Structure formats: structure tokens, C-alpha cells
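**Student:** Each of the two chains sits in its own frame; use the hints to bring them together as a complex.
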Amino acid sequence: MKFTEQHEWLEIEGDLVVVGITTHAAEQLGDVVFVELPEPGTTVSKDDEVVVIESVKAASDILAPLDGEIVEVNEAIVEDPGKVNEDPEGEAWFFKMKIEDLSALDELMDDAAYKDFVG
Amino acid sequence: MDELKRTPLYDLHLALGAKMVPFAGYEMPVQYKLGVMKEHLHTRSRAGLFDVSHMGQVILRGDGAALALEALVPVSVAGLAEGRQRYGLFTNEDGGIEDDLMIANRGDHLFLVVNAACKEADVARLRKALEPQGIAVEYIEDRALLALQGPEAEAALAALNPAVAEMRFMDVATVELCGAEAWISRSGYTGEDGFEISIPESAAVDLAEALLAQEAVEPIGLGARDSLRLEAGLCLYGHDIDSTTTPAAAGLLWAIQKVRRADGDRAGGFPGAEKILPEIATGAATARVGLRPEGRAPMREGVPLFEAEEGGEPVGHITSGGFGPSVGGPVAMGYVPAQSVLPGTRYYGEVRGKRLPVEVVPLPFVKQTYKR
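If you read the protein sequences in the order shown, they are chains A and B.
This note's numbering puts the first residue of the first sequence at 1, with every later residue one more than the last.
This note's numbering puts the first residue of the second sequence at 1001, with every later residue one more than the last.
Think of the hints as simulated: they come from the structure by calculation, not from any bench.
On a predicted model such as this, the values are computed, not experimentally measured, just so you know.
A virtual CB, placed ideally from N, CA and C, is assigned to each residue, including glycine.
Some hints here could point you the wrong way.
[Claimed, not checked] With a Cα cut of at most 30 Å, we get these calculated DSSO-like pairs of lysine-lysine:
(1) 1005(B) x 1019(B)
(2) 2(A) x 1019(B)
(3) 57(A) x 1367(B)
(4) 57(A) x 1019(B)
[As the list claims (entries may be wrong)] Listed next, the stretches of chain A that the computed footprint assigns to chain B, with coverage defined by at least 3 CB atoms under 8 Å from CB atoms of chain B:
(5) 30-40
(6) 46-57
So that you can see chain B by itself, here it is in the shape it has in the complex (with noise of 0.2 Å):
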């Protein structure tokens, strides 16, 4: 096995008492000294500090690069305004997902951030289709991502540099903090109000310490920032979507503006359109839902889903599942079949050889405050 790669805060994740795991090739946190638990309730009611520098910074460069994008994303990239950001996935030839991602309009060029465990191939990707048409594209290695999420998570920035408070969601910005220079989106992956801020390697722990300093910030890992984002009805690549789910099933077609759809001035163009356009119309034949156990235990990930108690074979299963501290018990996501969403749709997951009561509810399990 290669040797676990480490982020540039790893000797304070270590300092702060983090137990460390294997993941995506990297040694990160999953946990500090408060626990998965109190870890997620802080966040939601104060703020907490990712380390997320495992994941992939990339930035493209060069006239027309908005629109070469395109070609590998069913996102409007064109109409992003300068200084905005939007979700985007980039799909394959059967109209799956080979990966989620955030690109930014920051002026002279698009700056993206990928999941880590993604983070080499769709580099390849990019360098593939953009670079022949003189598109550079730029894998940043020497700046850390930290996110800061949770209610006073605006008050911690902003003692370090005023500006941010003048950001709404999904705007980005870049800004000096601790002397470096902080690129900054307002957004996260937790359901809660918050940034995002790519920072040079040499200034993070300046910057993470400068945070943690202050009485509303905690050190949040892996472990909350799983929870929070289910809760808060977010996919996970490589579980709630991968490379067979598309983005109808996965319930993100809100991520594909009406540019790109059937009719649309700049329709299609993106691998699998073939695939996922006629679905907006159609549908897809699953669908991922939002799904309560009725009873105390957690439903994992691969629990298979029952439309009776005895008998039958299964109709769906569990893509993330566990435990919901703002909820305060189980919570799941999963795929049925797409004519039985409706909330209130009972199913039975199989835990331990019992076939245990879930219901279909609406997403997500907790209001998102995001500063519109």
C-alpha cells in the first residue's frame, strides 16, 4: 500500500488530541477529543473547523474556458457569474457520475474543487479535453482547504477580516487572512451557513489557529462532518452516487440549468446528455429519498429495502445511513423505485436478519441556513 499522504495541519490535528484514519490516501482526522457527537451538535450551534485540504483544487485558465467545461459538465459554466460559485458533476457516457464538484467564477479563471478520492482522474479528464484546446489546467498542491461551517462561523471570519461578512451563499471572494491570501467561498457541506477557504500551505496553520483561538470554534472531523452532511441530504460520492446513478436518479437535476437541458441555448454537449435529458422528462427508474427508521437503530449503508415484512426481494437499499445527532436518532438515505417516493411510503430494512420498519421523508432532515 502507498504511504499515507498528510495535509499541511496534520501536526495539529495531532496536537489536538485527533484519533487519525486512512482516507482517500490521506491521514485525516475523524474524530477530536469532544467525539462524532458533540463535534456535530457544536457545529450546528456554534461553529466548527474542517481540515478538507485532501480534497482537489484545480484551476482552469485560458480564453473560452467556461465553455470547455461544458463539454464535461451538465452545468451552466458560461452563465456563472464573476464571483459566484455552483454545484457541478461531471458525467460519463451512460449518463452516470464520475464525480461532484464546486466550480468557481473567480474572474481570469475557474477555480474547482473535487473530491479527493476522485481527485486524480478527474484531473486527467480535464487535462484530456481542455488542454487541446490551449486551456491550462492547474493542479493546485500547495495550498490547504479548510472549512468553517456553523452559525457563528461568520462572527470567526470575520474577526480575522471583516470583508467576509459581506458575502452571501455561494459567493466567492479572495481575501487577506493571517497575510496570505485566502480565496473564500460561502458555502460548505453541512447544511449550515459557512466558508470555504483554500489558503496557502505556508499560512494554514496561522489561520486554523487564529480560528480555533476563539471560543466558538471548535475542530470538527471526518466523522461530524459525515453526519452533518446527511442530515442535511447531501451526496457522498462513491455512495449515494457513483458511476451507475444518474443525475435524475441521484434527484440532481436542479444542478442542470435550463441552458443545458432539452430546448436550451447550450442543450446537451455534456458526456451521457443523451442519457440524462430525456430523464428530466421521463424520469428515472430509482430515485434516492430521504429515509427515517421508525425504531432505534441505525440503518448502515447496503442495507437492503423490502416493500413487505416477509418475503419478496429487495426494492432498494441504503446508500449512507446512521445516526443523526440533530435529529437525535436514525437517519438514511437510499434508492426505491421511483413510483414509491411519496413521504409517509413505508419500506423494511433487513439489520441483523430482522426486517425492521423505515419511512420515506422529505430532504433534508434538518433546515439548511444557508445566508441567501
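Isolated chain A, as found in the complex (with noise of 0.2 Å):
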């Protein structure tokens, strides 16, 4: 798994890469309530606001990690967005992207940068 400093993780699914926001993020948040997930098919920029993430507290955006092309996204998670507190980094990930060079992972963090990261 590889990590942003935006709080995502990022993980290699074949030749896509699942994306979701990590425990910390998640706990940051407080209990999520409202999930808009892009439409499959959407040509993003990295830092594009692909996400919209609600909590009981406030609004927040997920950007896109990399340049890619969203092609599935977890209408799990709209529908009971408080998934995205129960398995933040498991059954709650957000979207599934197609990017040109999977290489581009090893410039974001491991686990134990991460862990720095966060403090």
C-alpha cells in the first residue's frame, strides 16, 4: 500500500490502482454521512476534487492522486457512508483508476513514511 499526503492509500489491483483514505483520515473526519463519488469514466488531474466526503463535522474533498482515468467507483459507500468509518482501508474504497504508468506509485510513501507522516 502507498500513501499520500492528502491521507489516501493507494493500492495496485491488476493493472488499476484502488484508492481510499486511510484509518487516520478517516477517524480525522469523525462519523462520514454524505459520500458523491465521480462518474466512471472521468479524465482526472492529479489534485482534481474527485470526491466530496461529509462528516457529522464538516465538508471535505478528495483529490485525485495521480492523472488517470476514474473506472469504477463503491456505491457501497454512498449508500451507508458509514463504511467509510468501519473498514476505511478495506471495504471502503472510494474509487478504481486507470493510470498510464503504474511507476508513478514508488515517488508517493510506504507504510512506514506514512506512519512518520502522521506522526
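**Tutor:** Structural data, given as C-alpha cells:
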């Protein structure tokens, strides 16, 4: 698993990258009550706002971690946003994207680096 | 920035795993380990303990204190029976609301509870108006204020002193708790039955611990306090009401008893009466309403409301909004033109550039369970 400074995790699954938010991020957000996901087929650039997530406290944006195309989204977290708090690094993934070059993930933090990052 | 103040329960909050945030000049718990959603639901199903010691407690003492206070609030204070409490408003010359408060008749004195953010201004306002008439205004700084709310609040507090079970909604009484003199009211700000308890600082931790030791009671932070009062349709000062909203617009005319209205025995005589009283007959231009977003997206304070899905200028705005855990969806309150307040009227709230439908609904969103 790889991590961004925006507290997203990325995992390679075949030729796709699965993206979600970290347990740390979910804890900071508090109870998630609303998730808006992009349309599959959307082409995105790194740092585009692709997901809106609202907790009991506030609204936040999730940014595209890399350039690529959104190919699949997890409707289960739209139906039951509470899943994001229950299993953020598993069942509650946000979207899967296709990227040109999987080696772009090498730039991101690994588990140990992310742990240091969040202190 | 001034250093944040702490309540007598500060160390207990930390020990309970609270996440502390600045609020009205205090470091206050916004949530504990359960989190906002579970804390909210726990309060509605069992009992929640809130630290509201940041709120202002004031005693008015002296002959004619009730009548003197009526010069600041459009409320019948002189008609408030001993051992009873009522909701009130400080108004201004323009007919707006300077603060909302609770007024209790405790026999030889009046006991007021005012909002934390307004308390210094309120005390100044009281001193200016009342001290020249020989009324003593005592700002209480050595007592904590705790709220215990929810269907099991009565049982939890009665376990410490059974006398509280006799109290009914808006009764006030002096009761011994944890060896200290507590001033209790059967009221709160969640829509649930419950109590607010003023207790000497020295006994505040003992009382909180004695309540939290009971299985039914969990500590509840400001996050859930806000969603509870929003679902109950109760106004938050500085958001749903402020110095520019009149009692008629805010839907708070029930707080102005007949005796203070036109043709009443003590009509008027409070700031802004000439604006506030005629509005009882004519109505205000805008009205506070309950709003239920039709989708799942919460609409928060500041969201503009439009009449149509496209075009036009905003006709209103949301003043409080978020997710209602007991409702299971987004809930909000806001102001709309007074001629279109019928339940079912549809507006569009603009969220992230999109206009989403929202429907006017009756308040409160949840049934109030006061013990009358």
C-alpha cells in the first residue's frame, strides 16, 4: 500500500489502482454521512477534486492522487457512508483508476513513511 | 489571542478521551470516544452528560427585580411563579435579539443562564439597567453547569437524590447532590427530558463522576449537543437568531406572554417594543423554518436558498444545518420569505455550485419528550 500527503491510500490491483482514505483520515473526519463519487469514465489530473465527503463536522474534498481515468466507483459507500469509518482501508475503497505508468506510485510514501508523516 | 479558559471538568474531559476545541473563549470537548453520531443517539435513547459550564450564570437580587428585568426582555418575569423557569430574549432597539436566556424564579432571587459568547455583554447590560434601581447583579463564577439529558436522565439523577423525580418540565429546585447545594432545573436544549444542574466548582467532578459511573450515562460533546438541538428545532444564538432577527421572524413569539403584548397589563416597555409588538399582528418579512434536503447531502449554515433550480437571486439562506442522526438524514433551519412557509414548499439550496431541492417541514424534526 502507498500513501499520499492528503491521507489517501493506493493499492495496485491488476492494471488498476484502488484509492481510499486512511484510518487516520477517517478518524480525523469523524462520522461520515455523505459521499459523492465521480462518474466512471472521468479523466482526472492529479489534485483535481474528485470526491466530496461530508462528516458530521464538515465537508472535505478528496483529490485525485495521480493523472488517470476513473474506471470504477464504490457505490456501497454512497449507500452507507458509515462504512468509511468502519473499514476505511478495506471495504470502503472510493474508486479505481487506470493510470499510464504504475511506476508513478514509487514517488508516494510507503507504510513506514506515512506513519512518520502522521506522527 | 487571549488564553482559553477551562471549566472545572477540564481534566475529566481529557481523562475521558475528549477532543478539545476552542469555543466561546473556552477549551471545550467537541466529542469523546463514542464520536458525534453515537453520542447523539445515546442521548436520545439513554442519557447524556454535557459540560455547559462555559455558559453564564447570573443572580438578580433585590425588591422589584422581576419587574426591573422586564425592561430588558419581552417576557413576563413578574408572572413567573416561584420554582418555575421560562425562556427569554434580550432585545435591542431595532427589535433584534441580543441573546436568549433562561430565567428562573428561585424565591428570593432570579437565576439567569445566558450564552457563553454573550455573557459579558449580558452582565454589562443587566448592571447598567438594574443596579441604579438597587437590584444586585451577581455574576456567578464559582459554579459549574452540567446538563443531563435523555429518557434515563431522571433515573440517573434520582439515584443521587430521589427528590428530582418529583420535578416537572421547567421546574427549578434546590437539591443536595454529592454533599453540595445544587440548583436544578428540569430543562435542557436537546428536545429530551432532562436537567440542568448548577453546582459549586468543588463538587462538579464528584457529580460528573457519580453520573458517569452509571451504565446509562455517557459524556456528550458539543458536536452532538448541536445536532440534538437542531433536530429539536431550537435556535442557536449567533446562527439562527442574532441582533438582526426579530422574535416574529425567528418564530419565537411564544416567548412573549400576553401580558407583555399590546393591550396586556404590562405591554411593551422593553427594547424594540415598537418594532416587535406590531409584528405580532402583521408578521415579519421573513420566517425561520425547518428544511429537509431531499437528497443525502447536508446543507450547512450559509447555503443560499433559491426559488428555482436555475436563475434568480437567493430568497433565503440556511442558518443551521447538518446531519440529523435520529432523523437519519440531513436537516436544516433557515430563513425564507414569510409568505412561503407552508410545509411542502420547495426551495433549492446551492451546494458546491449545484442547486439541490430542499423542502419546508414543520419543526421540530423529532418529537420532544419533556415531562410536563
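**Student:** Are the hints correct? Go through all of them and say.
**Tutor:** Taking the hints in turn, this is what the structure says about them:
1. Of the supplied pair hints, the one linking residue 1005(B) and residue 1019(B) holds, its CA atoms being roughly 16 Å apart against a limit of 30 Å.
2. For a cut-off of 30 Å, the pair hint linking residue 2(A) to residue 1019(B) stands: about 29 Å separates their Cα positions.
3. Restraint check: the Cα-Cα separation between residue 57(A) and residue 1367(B) comes to about 24 Å, which is no more than 30 Å; the hinted pair holds.
4. Annotation: proposed proximity of residue 57(A) to residue 1019(B) holds, straight-line Cα distance about 13 Å (limit 30 Å).
5. For the stretch 30-40 of chain A, the assignment as covered by chain B holds, since 5 residues bring a beta-carbon within under 8 Å of that chain's beta-carbons and 3 suffice.
6. Given a C-beta distance limit of less than 8 Å, the hint that chain B covers the stretch 46-57 of chain A holds, as 4 residues qualify and 3 suffice.
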